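Start from the sequences and build out the full structure, keeping to the hints where you can.
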Amino acid sequence: MTPKRTHHSFEMIRPLFLFVFGLILFSCSSQSSEQSFDSSSLRRATIEEVETLVEAFILAEDSSTIRIPEGFYDLKTQLILDNKKNIRIQGEGMDKTVLSFRNLKSGGEGVKIVGNNITIEDLSIEDAPGDGIKAQHTVGITFRKINVTWTNGDKSKNGTYAIYPVQCKHVLIDSCIASHSKDAGIYVGQSEDIVVKNSLAFGNVAGIEIENCDRAEVYGNTARDNAGGILVFNLPGLPKSDGRQTRIYNNDIVDNNHENFAIPLGEDPNGNTVTMIPPGSGVVLLAAKEVEIFNNRILRNKTYGVAISSYQVTGFPAEAPNWSPYTSDVYLHDNSYDRGSFSLPDLSRELGQLVSLYNAHGWLKTQDIIYDGIWDESISSSIESNPMRICIQEAGMESLRFTRFYLMEGEDNIASFSDSSPFQQCESTSKNALSLSL
Amino acid sequence: MKRFVVSIFTIFLLLVLMFSCAPEASKQELSSETPIEILAPEDANGKFPYKRLSTYDFFTGEMAKLSPNSSLLPYQPASSLFTDYALKSRFISLPKDTQANIEGEELNFPIGTILVKNFYYSSDYRKPEGERRIIETRLMILEESGWEAYPYLWNESQTDAVLKVVGAEKEVRFINQAGKEQVINYLVPNKNQCKSCHNKNESLAPLGVQIRHLNHDIAYESGTENQLANWSKLGILVGFEGKAAHPSVVNYEDQSQALNDRAMAYLDINCSHCHRAEGPASTSGLFLTYGQQDPLKLGVYKTPVAAGKGAGSYTYDIVPGEGDASILLHRMNSTEIGVAMPELGRTSIHAEGVALIREWINQMDEK
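Taken in order, these protein sequences are the chains called A and B.
The first sequence begins at 0 in numbering that gives the first Met the number 0 and counts up by one.
The second sequence begins at 0 in numbering that gives the first Met the number 0 and counts up by one.
Hints are computed from structural coordinates only; laboratory data are not their basis.
Note that the structure is a prediction, hence the values are computed from the model and not measured.
It cannot be assumed that every hint is accurate.
Label pairs and their calculated CB-CB ranges [as the list claims (entries may be wrong)]:
| no. | chain 1 | residue 1 | chain 2 | residue 2 | range |
| --- | --- | --- | --- | --- | --- |
| 1 | A | E410 | B | Q292 | 32 to 38 Å |
| 2 | B | E335 | A | E410 | 34 to 40 Å |
| 3 | B | S312 | A | Q424 | 41 to 47 Å |
| 4 | A | R42 | B | S66 | 46 to 52 Å |
Listed next, the stretches of chain B that the computed footprint assigns to chain A, with coverage defined by at least 3 CB atoms under 8 Å from CB atoms of chain A [stated by the list, open to error]:
| no. | stretch |
| --- | --- |
| 5 | 188–201 |
| 6 | 273–284 |
| 7 | 336–343 |
The list that follows gives simulated cross-link-like pairs (lysine-lysine, DSS-like), each with its CA atoms no further than 27 Å apart [claimed, not checked]:
| no. | chain 1 | residue 1 | chain 2 | residue 2 |
| --- | --- | --- | --- | --- |
| 8 | B | K169 | A | K104 |
| 9 | B | K232 | B | K95 |
| 10 | A | K104 | B | K199 |
| 11 | A | K84 | B | K199 |
| 12 | A | K83 | B | K50 |
| 13 | B | K179 | B | K87 |
| 14 | A | K83 | B | K46 |
| 15 | A | K168 | A | K144 |
Each residue gets a CB set at the ideal place from its N, CA and C atoms; glycine is no exception.
See below:
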């Protein structure tokens with residue numbers, strides 16, 4: 000195995016790329032500094048009040064409520080709730096109780112929670128240097144009506160995740176707002192039994208991301224103005240090695256054309272997979288297993304509405320124990336699409352370049368659904384038999400732009416096909432597998 | 000030619016950026032220092048924690064001299080966790096007539112055991128025995144419900160320290176070993192931050208007081224002896240069967256040791272408290288315990304998971320042969336919050352540690 004990253008150079012198209020990239024820079028990718036609430040006029044909590052709050056987290060007793068009165072709390076240390084049970088952390092409203100970590104001096108996140116049956120609600124968290132709020136090893140964690148954001152303009156210096164449950168069970172994220180994170184606004188990692196509903200993610204690189212998780216229900220949310228709207232990933236080499244069973248439905252996944260500011264403008268993507276997401280991505284599946292996507296409004300995402308892709312497209316080493324790089328068992332149905340008018344797909348990321356230049360419908364045409372067409376050859380010698388069990392049943396399929404790529408020989412022989420029929424004959428494959436397992 | 004075009008493009012981009020980005024708001028400076036309260040005298044009633052460090056009566060004579068009373072025994076891990084060049088003096092106290100015991104890889108202590116760790120700075124690191132300033136004393140007490148950590152902050156006159164669960168910030172100035180003045184903004188962690196490092200399966204656990212870190216010779220007044228052998232002789236440890244029968248870690252500062260052993264000792268004491276299967280950074284899949292053999296778990300050609308800006312412009316945690324292209328080194332070599340690792344306890348760069356790990360990665364075989 001050669002562990003060096005596969006180099007997709009696209010050398011031939013570089014001059015064109017530079018030209019169009021310049022164009023795009025000034026026209027298409029959007030930026031956003033929108034804030035949901037203005038915390039500047041709130042009463043400033045005194046140093047004593049801030050210390051009382053820090054102490055309340057440290058000294059909290061099981062089955063108690065930590066009430067945080069209205070005010071702007073300038074925190075210089077982390078708020079950590081450690082191994083507690085049945086705790087409610089209660090602010091007075093997203094617009095009234097604001098925990099600011101702008102002056103935090105050390106620590107990976109603003110608020111950290113470990114325990115069982117914890118609820119945090121009705122407050123805002125601003126400007127944490129790492130993650131906004133992280134919950135780990137917690138069974139029963141509810142985030143309700145919390146707003147997590149970054150208020151500064153320098154976005155590539157913003158924090159990583161806004162709302163970040165990881166290695167948790169029974170996760171509920173309800174009526175929350177996550178904005179301006181440089182990775183994912185709502186990120187659920189290595190967790191089980193998850194509901195993300197009625198929440199809003201905007202101005203992030205990724206709006207909502209479900210990574211290496213089992214049984215996630217994502218519904219009634221709005222993901223808008225991110226670089227990518229909703230992502231389902233499985234990354235290699237993690238303690239929770241592969242995740243399955245995510246359902247994404249009744250969401251508005253719209254206008255996700257924000258620039259990808261996970262890295263400074265002009266720099267190449269680094270090892271964080273999210274840095275490769277092209278602006279204009281509605282839904283992205285990467286090494287995902289058993290995903291059903293239905294009844295969503297997937298509108299005006301300039302590069303594609305839905306991308307079904309395998310981990311190999313990243314060019315990173317794609318081997319790890321108990322993990323498969325392929326996306327399999329996808330059931331995509333009854334969504335509505337709108338490609339928007341006068342939009343051009345992204346050219347700043349390799350996946351965007353692939354869509355722009357190699358799609359099956361003509362240069363610089365926005366796609367509704369793309370499939371990287373990378374399949375496991377140990378299952379079938381041909382993709383025509385739909386070996387990864389991709390099932391697409393969208394109304395008016397003939398008027399949607401669908402591209403299946405052929406990338407199995409690397410960049411020297413890229414081909415694309417608009418025929419989606421192999422992936423519509425799916426009664427006995429993914430659809431049934433899904434309805435059985437979900 | 001292509002390079003030229005690209006660099007023109009870069010300059011263009013920079014110009015665009017220069018004019019489009021709003022200037023960063025100037026950083027607010029923290030000036031307030033919490034005054035140490037005048038506390039009423041308290042009784043040593045056995046109910047921990049006490050508010051004052053002096054109530055424990057650990058030290059005899061002038062407290063700042065940190066001369067232990069007879070119930071305290073000094074100890075020293077083979078390799079030390081870097082905490083902004085702070086020097087440490089460590090003591091352990093077991094309740095009368097009790098013993099620690101070794102069971103397999105575990106070193107178990109009786110309820111009531113206290114670890115006393117003093118963090119101080121010498122005013123001149125070329126003469127470490129000279130004038131010094133003690134910043135904090137951290138106690139770890141093994142209670143019925145498990146270990147608890149209590150940070151005590153020393154007063155300016157160095158006569159006592161008081162329990163401060165919410166943490167603090169202290170500016171420290173000293174002359175470093177190169178003879179230059181160094182200023183460090185020392186951060187005393189809040190009580191719950193202690194567990195960010197002292198965390199084993201979400202229970203608080205000591206770091207240095209483990210068999211592999213204690214299984215080496217230190218200098219006692221009576222002469223040099225293996226610590227665990229000494230404890231056995233004193234009757235406070237059972238189950239020690241000689242150095243070779245138990246794991247041990249080298250001192251990463253000992254240049255006579257093999258580079259790989261030194262590097263792994265460094266990563267073990269500085270990183271593995273989080274980066275192991277039982278630690279909070281298990282989420283990353285990067286495991287840096289002594290003896291880790293799996294290249295992917297060590298970070299070789301491993302992409303980051305939730306590193307955010309910590310990844311810099313790099314792709315893999317470790318690129319063999321290229322220390323300076325490795326995220327691991329990048330994060331050790333930064334003081335920026337969100338980038339810097341470890342996340343706590345370090346606001347300055349440990350130049351010697353960075354040099355060690357750079358050399359280790361540079362000498363790895365490119366596979």
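Comparing the hints with the structure gives:
{"no.": "1", "hint": "A:E410 / B:Q292: 32 to 38 Å", "result": "holds, 35 Å"}
{"no.": "2", "hint": "B:E335 / A:E410: 34 to 40 Å", "result": "holds, 36 Å"}
{"no.": "3", "hint": "B:S312 / A:Q424: 41 to 47 Å", "result": "holds, 45 Å"}
{"no.": "4", "hint": "A:R42 / B:S66: 46 to 52 Å", "result": "holds, 50 Å"}
{"no.": "5", "hint": "188–201", "result": "holds (count 8)"}
{"no.": "6", "hint": "273–284", "result": "holds (count 6)"}
{"no.": "7", "hint": "336–343", "result": "holds (count 4)"}
{"no.": "8", "hint": "B:K169 / A:K104", "result": "holds, 12 Å"}
{"no.": "9", "hint": "B:K232 / B:K95", "result": "holds, 15 Å"}
{"no.": "10", "hint": "A:K104 / B:K199", "result": "holds, 24 Å"}
{"no.": "11", "hint": "A:K84 / B:K199", "result": "holds, 19 Å"}
{"no.": "12", "hint": "A:K83 / B:K50", "result": "holds, 24 Å"}
{"no.": "13", "hint": "B:K179 / B:K87", "result": "holds, 21 Å"}
{"no.": "14", "hint": "A:K83 / B:K46", "result": "holds, 22 Å"}
{"no.": "15", "hint": "A:K168 / A:K144", "result": "holds, 20 Å"}
When held up to the earlier numbered hints, the structure conflicts with none and fits them all.
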